[in-house]
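Could you put together the complete structure from these sequences and hints?
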Amino acid sequence: MARERYNHQEIEQAAQQAWDAAKLYETDLTDATKDPYYLLFEFPYPSGDLHIGHWYAYAITDIYARMQRMRGKNVLFPVGFDAFGLPAENAAMKQGADPKEWTLQNIERMRRQMQAIGTSVDWSKEVITCDPSYYKWTQWLFAKLYEQGLAYRGEAAVKWCPKDKTVLANEQVINGRCERCDSEVEEKKLTQWFMKITEYAERLLADLEPLPWREEIKEAQRAWIGKSEGARLWFPIVGSDERIEVFTTRPDTVFGATYVVLAPEHPLVDQLLAQTENQHDVLVYREATKKKTERERSENKEKTGVELKGIKVLNPATNKEIPLFVADYVLASYGTGAVMAVPAHDERDCEFAKKHGLPAICVIDPITGEAQENPFHKEKIVTLVEHDGKILTINWRPELGGRLLVGGSVEEGEDPAVTAAREITEETGYTDLELVERAEERVHHSYFAFSKNQAVIAHTTLLHFRLKSDARVEPKLEENEKDRFTVEWVTKDVAEREIHDDQHLYTLARFTDRPPYGKDGLLRNSGAFDGRDNREAMWEMVAAIGGERATNYRLRDWLVSRQRYWGCPIPIVYDPDGKPHRIPEEHLPWLLPEDVDFQTGDAAPLASSQELKERVERIFGEGWTPEYDTLDTFVDSSWYFMRYLAAQNDHEFTDLGLAKKWLPIDRYSGGSEHTTMHLLYARFFYKALYDLALAPNAEPFTERFNRGLILGPDGQKMSKRWGNVVNPDEMLEKYGADAVRAYLAFVGPYNEPGHYPWKLDGVEGMRRFLDRIYTLSGNLSEEAPTEELQRAVAKAAAKVNEDGDRFKFNTCLSALMVLLNDLEAVPTVPKSTFESFLILLAPFAPHLADHLWQRLGTERSVHSAPWPTVDPSLLVSETVTVIVQVGGKKRGEVLLAPEASEEEAKAAALSLPGIADTLGGEPGRTIYVPGRIINLVPKS
RNA sequence: GCUGGGGUGGCGAAAUUGGUAGACGCACUUGCCUUAGGAGCAAGCGCCUUCGGGCAUGGAGGUUCGAGUCCUCUCCCCAGCACCA
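Residue 756 in our numbering sits at position 755 of the first sequence, and the numbers go up by one each step.
Hints may contain errors.
[Claimed, not checked] Okay, derived cross-link-like pairs now, DSBU-like style, lysine-lysine, Cα gap no bigger than 35 Å in a straight line:
| no. | residue 1 | residue 2 |
| --- | --- | --- |
| 1 | K304 | K293 |
| 2 | K493 | K356 |
| 3 | K469 | K355 |
| 4 | K137 | K580 |
| 5 | K126 | K662 |
| 6 | K483 | K493 |
| 7 | K166 | K302 |
| 8 | K101 | K164 |
| 9 | K24 | K35 |
| 10 | K145 | K580 |
| 11 | K304 | K190 |
| 12 | K477 | K379 |
| 13 | K164 | K304 |
| 14 | K95 | K614 |
| 15 | K166 | K580 |
| 16 | K304 | K356 |
Please keep in mind that the hints were generated in silico from the structure rather than gathered at the bench.
Now the structure itself:
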């Protein structure tokens, strides 16, 4: 039977017109007869043309919208445009276009394209963020947050992009570069508008836990919030009433703090300058850091800094005077902008201390091994012996511990150094030894000595020896000891790789890499706390030195001011004293002026508007001045999903009655690039509104899915630069919307963000699949379906249901392909079977399915047809293939009833040729999993 | 470096969560049909094989009657964070 090709252009246009005319996708938000289901995708920025990534985002989400609708849900599947933003303004500067016209034209074009791909979005609820009817409410919400103190004006060192000529939020700075244009970001001290997202840090973190999101999304948010728990401690400045406040996560190491460091921007630096002996050096250093970009500061990890000579601070634990430094490895914006430095236990402090010759005091004796009950205490030594750049090791037989350094037990009253020298000579024969260093700290190594059947804690002294010469005597060994180990000189690398004992590894690192030393263990050099477990004693120490528990977050407040034109005007005016006031509600929307000059250099374009100045004076009085900054577009997109519920409502920003019913959003599909910005901001916004009783609950998105990326045919990211951009319009013309969307659904799972290359052959294959369906529609009969066909349909329906809910449309389609293969194998297809097939197909190829459906003589659209319910009894087949294994290896298969007993299965298995031989007699044991396998295990 | 997610044919991927590894599709091979067309149909398609089988899910061990799936170690890829005290 020859395969026909359907005319996709005709079919698809007709279907779209029919859906439109029937208003098939307008959701009645008040309908109480059906379960509401809110399916949301991130609304696009109207850049101009729909690209394949948009297809992937909308067409695939649309599959689920259609599926849910057919299952009887009242589906809200809205769309809008995130229409403020820099590209419109750039186009204005480049081509002299009006940003508004440019944006609206793009929106018009994208609307048409979205309709052409057959998305079932509800256009009646469209929102456009640059429309005054929308931004009126953005302004209104800003004012609400301002009244709550959640939007505030503050002076801060902010990130400035010299190319885009605007400040950026922290989130928009990637490795010291502007995330949009990749320019190196500068720091400026400016007064700007912020949102107090830090006040919500804890809730943003805690409320993340129960959400059923992928771990990587949650983890990215957690990392961004960056909670760390520790303490605030105060270090008094000698001869002054001032104290330096530091934040530390390791207050238990305070006795080891040998100096204090301030960030160069720390306000105390100015205050202390007068008493500083080397004022000039400090000023020079501070100027130098100021000139460096953020990137230079973090790229060059060499630790620089200057001591404030003549100034000492007191370590509050030891009461000793310690020096004070400024260094740019301490960040002004984190914690208190000042740290206590503990070189013995912190890598960065250690590096800095080495460079400046500052002492390291070890305050923790590490504990290694595994905790044991009732241990026997013992004095031991471990020694690192070096000669000629190599390290002396004893390579024990594997069961005796493998490669180790020289160790041994200290005899009663013996000096550990003597023990060490004795052990080295006894075990290895070397005699010409020189003691280089004896570690101040000791290692407490806890283990079970099998030879003596005794749990032991070894209190180990660590020693570092050097051979003065390789003079050697015969080792003094018992006869039975001789073949238990070999003495080997190895490089440090080999030692690091092959020594597995923590205690010995610590020793190796202790004398080769130097500090930082171990993280946890028993306190030493810590006054009254000596011998205590460091973690356990930590808070007592904090209390003892007058510190307090504190939690710090990496998250900073969200900077929302932008020195740009094409954004939502901040609804603030300033009185003649420069004090900000919110613009009263009756003046909202506070319109964006139109008489602006974009070429303003570093100043905000709004400052060039005469109309704006006049408007302010007219309304508020003489001397009043406008706010010239506009809002970060992430503010617009932080609440748009609420506006969909009341897109046309002039009196309210949303409909709170409907919100109770529709929010939180059931499923939110978007790109992984929005994990730490949009998603975090929107969650914050929603929580803030919840606290104002303007949102019905505290989390806006129940489920979140990050979609993957469609790559060019060459496996590279699509880009004009590589010439590998796929033009969706061409595809649409050549293969039709159904083929393209089904192909995109088939490339891989939509519930995890993978990278899928666009393969033209694949689109053709998908079109072939659709053509085969079309062809099959010419081979229908009025017969009743056989049970076999019913089973095939039920199986496909079950799979589409299950995997559809998991956003795994690739396997849904494979189930439909299997079903089609089955249908092609029978002489004629019963009409009712084909109808079921079309219903299952409808979400994936909505136009073709609808066309064929109507050709069967049905008036209504397939998209209003009821989704098939699966009869579970049809999923259980009469016979199942049971795998026959002998000793876990497949040796054949038998057909059995699913409920066949073990005896029947065993008999059937044994009757297979060769099974009995392979088995060699009666099985010792039989494992039978009905419907799956029978495993006959030979007697051993 | 830290954290998280991964590694399965030539390619995109499946695998009922411990029970036939590679469903489905693409590419490829062979044959058929034909007024050679980038069409259609049929068969094949992990690797090796002495045709009995044997070996295969990055690698090495382990648990188990049975491991892609669980455990330990290790290598590689991707993402987020990265001087955060």
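Exercise. Against the structure, test the hints numbered earlier, and report the numbers of the ones violated in rising order.
Key: none
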